[in-house]
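Undergrad: Sequence:
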Amino acid sequence: MIGMNAQALAQIKAGHLEMAVCCAFYLIWWIIFFWPKIYNRVATGAPRVFGIISIIGAVVFGLLSAVGIASGAGKLNTPVAGVATLVSGIALYILLLFITHRLFQRNPTTELVLFVAWIVLELFCAYGLQAAGLAGQAVLLIILALAGFVISLMCYVLYYHLDPKPSFIDGCLPLAAIGVISLVMGLVL
Numbered sequence: 009m010i011g012m013n014a015q016a017l018a019q020i021k022a023g024h025l026e027m028a029v030c031c032a033f034y035l036i037w038w039i040i041f042f043w044p045k046i047y048n049r050v051a052t053g054a055p056r057v058f059g060i061i062s063i064i065g066a067v068v069f070g071l072l073s074a075v076g077i078a079s080g081a082g083k084l085n086t087p088v089a090g091v092a093t094l095v096s097g098i099a100l101y102i103l104l105l106f107i108t109h110r111l112f113q114r115n116p117t118t119e120l121v122l123f124v125a126w127i128v129l130e131l132f133c134a135y136g137l138q139a140a141g142l143a144g145q146a147v148l149l150i151i152l153a154l155a156g157f158v159i160s161l162m163c164y165v166l167y168y169h170l171d172p173k174p175s176f177i178d179g180c181l182p183l184a185a186i187g188v189i190s191l192v193m194g195l196v197l
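Under this note's numbering, the first residue of the sequence shown carries the number 9, and numbering increases by one thereafter.
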């Protein structure tokens with residue numbers, strides 16, 4: 009069991025570091041493609057190509073991260089915890105989809121799926137850390153994940169209600185926050 013825990017923790021650590029890289033690539037893409045929109049321009053040439061490479065990098069590292077964290081946490085958790093977390097995540101997404109659309113007139117975008125999936129993954133990871141006897145790291149992860157989730161939700165709701173420059177910054181904040189949170193957890197584990 010100790011060997012399995014060590015392997016699971018290594019996967020979780022690597023997954024968090026990969027998520028930090030994912031967020032860095034995503035942030036680069038965001039800057040390249042959305043900063044010019046403030047001035048009614050679009051990215052062209054080499055910056056556009058670099059932006060496309062960056063979003064592909066974000067997808068690759070995001071998938072590697074999700075698989076690594078879920079696999080590691082899955083080795084530490086019971087199957088019931090996995091099912092309960094998945095069902096809770098779907099319910100949370102549906103609830104937030106309804107609330108953000110009805111109360112805040114926010115048209116749904118991919119970002120809602122991404123940050124709901126992220127918080128659910130992190131909570132599943134925290135359950136696994138707790139099961140492995142790492143209560144301190146589990147509590148830290150829960151606190152940081154909730155902070156990242158609140159930042160992401162607030163920015164998601166505000167985005168279309170802001171002028172171009174503030175909306176650009178608003179779009180950067182969740183990526184930066186989740187990137188830093190992931191880096192911290194990757195270093196702490």
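Source of the hints: derived by calculation from the structure; they are not laboratory data.
Built from N, CA and C at the ideal position, the CB exists for glycine as well.
A hint or two may mislead.
Derived Cβ-Cβ restraints for the label pairs, each shown as a range [what the hints assert, rightly or not]: (1) Ile151 - Ile102: 21 to 29 Å; (2) Ser96 - Arg49: 23 to 31 Å; (3) Ile60 - Pro172: 33 to 41 Å; (4) Asn48 - Ala14: 30 to 38 Å; (5) Ser96 - Leu181: 34 to 42 Å; (6) Arg110 - Tyr47: 30 to 38 Å; (7) Lys173 - Gln15: 45 to 53 Å; (8) Lys45 - Val121: 38 to 46 Å; (9) Pro174 - Phe106: 24 to 32 Å.
Undergrad: Does each hint hold? Answer for all of them.
TA: These are the hints, each one checked on the structure:
1. At roughly 25 Å, the beta carbons of Ile151 and Ile102 sit within the given window of 21 to 29 Å.
2. Against the hinted window of 23 to 31 Å, the Cβ-Cβ separation of Ser96 and Arg49 comes to about 42 Å, which falls outside the hint.
3. Taken as a hint, the range 33 to 41 Å is violated for the pair Ile60 and Pro172, whose Cβ atoms sit roughly 22 Å apart.
4. Between Asn48 and Ala14, the C-beta spacing of about 54 Å breaks the proposed range 30 to 38 Å.
5. In this structure the hint that Ser96 and Leu181 lie 34 to 42 Å apart at CB is violated, the actual value being about 25 Å.
6. Hint check: Arg110 to Tyr47, Cβ distance near 34 Å, so the stated range 30 to 38 Å holds.
7. For Lys173 paired with Gln15, a C-beta distance near 46 Å keeps the hint of 45 to 53 Å intact.
8. Range check, Lys45 to Val121: Cβ separation about 22 Å, and the 38 to 46 Å hint is violated.
9. A beta carbon spacing of about 26 Å between Pro174 and Phe106 agrees with the range 24 to 32 Å that was offered as a hint.
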